[in-house]
Amino acid sequence: MSREVVITGYGVLTAFGFGPEALLDNVFTGRPGFAPVTRFDSTPYHAAHAATYGGDGPEVPGVPVEPGYTPTQAEVLHACAAEALRMSGTDAAGAPVLLGTNGDHSAARSFWTDHARGRAPGDPRTVDSLPGRLPESLGAAFGLGTPRLAFVNACVASTNAIGHGAELVRRGLADVVVCGGAYLVTEDVFAKFDSGKALSRSGAVRPFAADRDGLLHGDGAAVLVLESAERARARGAEPLAEVAGWGMSSDAHHVIKPHPKGEGLVRAARAALRGAGVDVERLGYVNAHGTGTPLNDVAETAGLRRILGAHAPAVPISSTKGSTGHMLEATGAVEAVITLLALREGLLPPTTGLRVPDPECDLDYLPDVGRRAPITHALSLNAAFGGVNAALVLKRV
Amino acid sequence: MTTLDLPRAVVGAACLAPWGDRARDVPGAAPVDLTSVPGFVTSRFNPLVAAVAEQCLGAPGGDLVRGLGERTAIVLATACGDTTTSDLATRKLVAGQVHSPLLFFQSVTTSILGHLAKRYGITGPVSCVSACEDLAGSALRLADLLLFDDELEQVLVIGVELAPNDRVTWVRDRLGAEHPLGRLPLGEDAAVALLLRRATPGRPAVPPGPPHPAYGWLGQLVGLCTAAAHPDTSTTD
Numbered sequence: 001m002s003r004e005v006v007i008t009g010y011g012v013l014t015a016f017g018f019g020p021e022a023l024l025d026n027v028f029t030g031r032p033g034f035a036p037v038t039r040f041d042s043t044p045y046h047a048a049h050a051a052t053y054g055g056d057g058p059e060v061p062g063v064p065v066e067p068g069y070t071p072t073q074a075e076v077l078h079a080c081a082a083e084a085l086r087m088s089g090t091d092a093a094g095a096p097v098l099l100g101t102n103g104d105h106s107a108a109r110s111f112w113t114d115h116a117r118g119r120a121p122g123d124p125r126t127v128d129s130l131p132g133r134l135p136e137s138l139g140a141a142f143g144l145g146t147p148r149l150a151f152v153n154a155c156v157a158s159t160n161a162i163g164h165g166a167e168l169v170r171r172g173l174a175d176v177v178v179c180g181g182a183y184l185v186t187e188d189v190f191a192k193f194d195s196g197k198a199l200s201r202s203g204a205v206r207p208f209a210a211d212r213d214g215l216l217h218g219d220g221a222a223v224l225v226l227e228s229a230e231r232a233r234a235r236g237a238e239p240l241a242e243v244a245g246w247g248m249s250s251d252a253h254h255v256i257k258p259h260p261k262g263e264g265l266v267r268a269a270r271a272a273l274r275g276a277g278v279d280v281e282r283l284g285y286v287n288a289h290g291t292g293t294p295l296n297d298v299a300e301t302a303g304l305r306r307i308l309g310a311h312a313p314a315v316p317i318s319s320t321k322g323s324t325g326h327m328l329e330a331t332g333a334v335e336a337v338i339t340l341l342a343l344r345e346g347l348l349p350p351t352t353g354l355r356v357p358d359p360e361c362d363l364d365y366l367p368d369v370g371r372r373a374p375i376t377h378a379l380s381l382n383a384a385f386g387g388v389n390a391a392l393v394l395k396r397v
Numbered sequence: 001m002t003t004l005d006l007p008r009a010v011v012g013a014a015c016l017a018p019w020g021d022r023a024r025d026v027p028g029a030a031p032v033d034l035t036s037v038p039g040f041v042t043s044r045f046n047p048l049v050a051a052v053a054e055q056c057l058g059a060p061g062g063d064l065v066r067g068l069g070e071r072t073a074i075v076l077a078t079a080c081g082d083t084t085t086s087d088l089a090t091r092k093l094v095a096g097q098v099h100s101p102l103l104f105f106q107s108v109t110t111s112i113l114g115h116l117a118k119r120y121g122i123t124g125p126v127s128c129v130s131a132c133e134d135l136a137g138s139a140l141r142l143a144d145l146l147l148f149d150d151e152l153e154q155v156l157v158i159g160v161e162l163a164p165n166d167r168v169t170w171v172r173d174r175l176g177a178e179h180p181l182g183r184l185p186l187g188e189d190a191a192v193a194l195l196l197r198r199a200t201p202g203r204p205a206v207p208p209g210p211p212h213p214a215y216g217w218l219g220q221l222v223g224l225c226t227a228a229a230h231p232d233t234s235t236t237d
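Protein chains in written order, with the numbering used here: chain A, 1 to 397; chain B, 1 to 237.
So here's chain A without its partners, still in its complex pose:
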């Protein structure tokens, strides 16, 4: 059995706030979301910036906006799921829950602080430090089904969740799936990336630019409702886009460095295009991983040249991390929503911060300004430590 899989609802959060308007008003207009971090003291670190949600822009329903209050992953996931289900017009009863999340580590911090001070740990949110708790609590809150899985494969986690969800629907194993991911900036993860010298010290992310100096983290969460086109049509729901294909691969190259020629990215993208039955000539846009790190962007460019072949110079490509920051486990889900908006609005988001192109990154990277273009198919790419790659092909419906 092979069924058409469509997206019928989504909820999304970035540093710019909740919902699609926050993305259209900021990511699609080339606005960077970075500011000095106030969520924790950044003075011990080389880097000082991140793109965090601080209450500016559309508010997240049910999440307090108070000075000093940091939302939890559970709160933002619940808000995104509620919006996705409202937009979809289904209760998704019994649907599997698949989320890219590595757990909420702000809660782990709270536990070990109590531990170090000889106090009995008292923060009930500590339970959400285990990844599986987040899909479990989301499933329980909305009456969803099983499995309730967390994908913990780092920066491809929520792309993997969406791809797996699409496969369940495509194969007829589920009629509807709730999937997505979440990451909120925490000091633990910030400190790790800082020690690895991966973070930009200039306070800006400039994907594919000659002066790029690393990535910065960003808050992000997105939940999507996937269902069979047949089910959506039968209940009169409006499909927003089709998940036409997806693919994953491993570089078999290095524990942290990407393959310099984008070998694994090519395989993942080709699998996604093959699954979608789409020739590269029909691709109107690529949402690149584009972290703004020296190694990724050159390797990804090499991979994109091979994926797109002779068509490469003609395909508009952008990395939206120059606006949103890198949302780690959430990045694939949020970028899938951005790609969906590009399809529906006929508007391609720019690579924010790209002003001085790297000669080795010489494709049409939409520097700093978006572009109007009616497109029918788009590719979204992500990659993670260990050389793990994931690709999604979305189609306008």
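For the record, the hints were derived by calculation from the structure and aren't laboratory data.
Worth double-checking, as some hints may not be accurate.
[What the hints assert, rightly or not] Heads up, simulated DSSO-like pairs for lysine-lysine below, C-alpha to C-alpha not over 30 Å straight-line:
{"no.": "1", "chain 1": "A", "residue 1": "K197", "chain 2": "B", "residue 2": "K118"}
{"no.": "2", "chain 1": "A", "residue 1": "K257", "chain 2": "B", "residue 2": "K118"}
{"no.": "3", "chain 1": "B", "residue 1": "K92", "chain 2": "A", "residue 2": "K197"}
{"no.": "4", "chain 1": "A", "residue 1": "K257", "chain 2": "B", "residue 2": "K92"}
{"no.": "5", "chain 1": "A", "residue 1": "K261", "chain 2": "A", "residue 2": "K197"}
{"no.": "6", "chain 1": "A", "residue 1": "K257", "chain 2": "A", "residue 2": "K197"}
{"no.": "7", "chain 1": "A", "residue 1": "K261", "chain 2": "B", "residue 2": "K118"}
[What the hints assert, rightly or not] Pairwise CB distance ranges (calculated):
{"no.": "8", "chain 1": "B", "residue 1": "G67", "chain 2": "A", "residue 2": "G143", "range": "46 to 54 Å"}
{"no.": "9", "chain 1": "B", "residue 1": "E70", "chain 2": "A", "residue 2": "Y69", "range": "43 to 51 Å"}
{"no.": "10", "chain 1": "A", "residue 1": "A116", "chain 2": "B", "residue 2": "G182", "range": "22 to 30 Å"}
{"no.": "11", "chain 1": "A", "residue 1": "L295", "chain 2": "B", "residue 2": "Q97", "range": "24 to 32 Å"}
{"no.": "12", "chain 1": "B", "residue 1": "R203", "chain 2": "A", "residue 2": "A210", "range": "49 to 57 Å"}
{"no.": "13", "chain 1": "B", "residue 1": "G58", "chain 2": "A", "residue 2": "E360", "range": "36 to 44 Å"}
{"no.": "14", "chain 1": "A", "residue 1": "T43", "chain 2": "B", "residue 2": "G39", "range": "27 to 35 Å"}
For every residue, glycine included, the Cβ atom is placed at its ideal position computed from N, Cα and C.
Given the coordinates of chain A, work out where chain B should sit on it, guided by the hints.
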């Protein structure tokens, strides 16, 4: 959700944990000193993954993966992940100490899988999953779905769990004995690896063996290991 009715064959199996006599029917189970993995120094999690995979697949270049790297996928399942590394990082922060760059990549589960993929030339899909409930079943069903793809020949399923530390113990106590997270392995680090293929007339399906209850959610994978190694007997703890 419905599930695939895909008979699966087990062509490689290994368990690693210092289980003593209880492990006598489990292939590969024995007290082991883990071989260190360059760059992964803080925790037993990553060496455990590398060791159980090697025990299952054999040395790189062996028959099970040679020529099949592109057609091999990996699914890693863990309820709590590398708690040693992630909590060490957090405790260092609480103590006002600066992070070691090694913690940067060690705590990311895909890093050790990148090491494995390179050693064995595995270039297929790599998924890592976690859940409070039915994690082993979910990982096996994910593998079944991957095997449904004609372009894949086999899936290496790895289940791994470290002995619960203070945080995990607190969470488990907080959730209560009836919560499925209570089904963590008791007291020891443990890992299981299974190399699964579609069953064929010449490669019979392996029915699930009785789970080993002492090993929590990993017990279901241990049971499959045991059933693969001893198809005519059933072993319980």
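Structure-based check of all given hints:
1. A:K197 - B:K118: Roughly 24 Å separates the two Cα atoms, so the pair holds.
2. A:K257 - B:K118: Within the cut-off at roughly 12 Å; holds.
3. B:K92 - A:K197: Answer holds: K92 (chain B) to K197 (chain A) is near 18 Å, not above 30 Å.
4. A:K257 - B:K92: Satisfied, since the Cα-Cα distance of roughly 26 Å is no more than 30 Å.
5. A:K261 - A:K197: holds, 23 Å
6. A:K257 - A:K197: Cα-Cα ~13 Å, so holds.
7. A:K261 - B:K118: Holds - the C-alpha atoms of K118 (chain B) and K261 (chain A) are around 15 Å apart, at most 30 Å.
8. B:G67 - A:G143: 46 to 54 Å: holds, 47 Å
9. B:E70 - A:Y69: 43 to 51 Å: Given about 49 Å between the Cβ atoms, the range holds.
10. A:A116 - B:G182: 22 to 30 Å: At roughly 27 Å between Cβ atoms, G182 (chain B) and A116 (chain A) fall inside 22 to 30 Å, so the hint holds.
11. A:L295 - B:Q97: 24 to 32 Å: With Cβ atoms ~28 Å apart, the hint holds.
12. B:R203 - A:A210: 49 to 57 Å: Between R203 (chain B) and A210 (chain A), where Cβ atoms are some 54 Å apart, the hint holds.
13. B:G58 - A:E360: 36 to 44 Å: holds, 40 Å
14. A:T43 - B:G39: 27 to 35 Å: Hint holds: Cβ distance 29 Å, inside 27 to 35 Å.
This entry satisfies every hint, going by the numbered hints stated previously.
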